[in-house]
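Chemist: Given only the sequences and the hints, what does the whole structure look like? Please build it.
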Amino acid sequence: MRKVFAIILLGIFGFYILSTILLLDFGKRSNNVGQHYLETTVQETGSVNSVTAIIVSYRGFDTLGEVTVLFLAATGLGGILYDKKGKKRKLQHASLIVRVTSQIIYPLIILLGVYVFVHGHLTPGGGFQGGAIIATGVLMMFMSYRTFETNHTILSWIESIAGLTFVTIGFTGLMLGHTFLENFLSLGTPNTLVSAGIIPIIYTAVGFKVGAELTALLDNMLKTIK
Amino acid sequence: MIWLPVFVFVLCVVLIAAAIFAVIQKDLMLAVIGTGIVSVILSALFLILQAPDVALTEAAIGIALTTIIFIITLKKTKRYEE
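Residue numbers (this note's numbering), protein chains in the order written: chain A, 8 to 233; chain B, 8 to 89.
Facing chain A, according to a computed beta carbon distance under 7 Å, are these residues of chain B, among others:
#1 Pro59
#2 Leu63
#3 Ile79
#4 Lys82
It should be emphasised that the hints constitute simulated quantities derived from the structure, not laboratory data. Note that this is a predicted model, so its numbers are computed, not measured. For every residue, glycine included, the Cβ atom is placed at its ideal position computed from N, Cα and C.
Modeler: This is the structure we're talking about:
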């Protein structure tokens, strides 16, 4: 009975996917939104990278939602795994080569992460990518030095201030202009570091927030194993 | 770039093989490595398809963070699937 039900369900699922695929003509543009973005982002937002312009400016509210989802996920995980005693990790350090190499590479990885989110409006990448790269660097230090520790108080302060910056800029746009997250600063000349109004500020905030969140998440998880 | 289609084809074949390996493998540590390989190849494919933003995300989150989080979870639970 269950198998019959599963086959019927799969059939319905397959039918709808097939009909959707048959409706699309591949190689033809079905709407003009993409073309509009490509043509007008530089004049409207001052951002050369149109992906960033869409994520932060046109769809900025969705990005706020995404950041909130990540925050809730990290908070939930911390709540489940929180251990007051904070077990000391007893495993030994990694080998000498790994330790020395990671000590040299660690600041460079952090620098790369900061570069990626500061230049979000000029080059590919942005807050989420930069934050994830920073978290990867900290993870490498966690892996090679068993005594490496992060300060949770500072991490949560960074996270709160970054989140507040995002929301404050959104409400400032609402007060000075017409909509939430409206670009109230001057757009500047495209292709320079200080341009595109609020986009670099928001992406810097998102980068700090994502980096701090993922680092705290990894630290919470690593503390649970001996 | 006459060899690019061949390169992409080989990558896709390895991608599918690694994905199937990750699903059928009983040793979950090896399955995690399989998903890591899927992420590496996906990242390369995103770069070839001119989506560097997605490639960056896939490289940082898919290859490093997800793999490590899975391995930590395996340390807390059981390594072998019954």
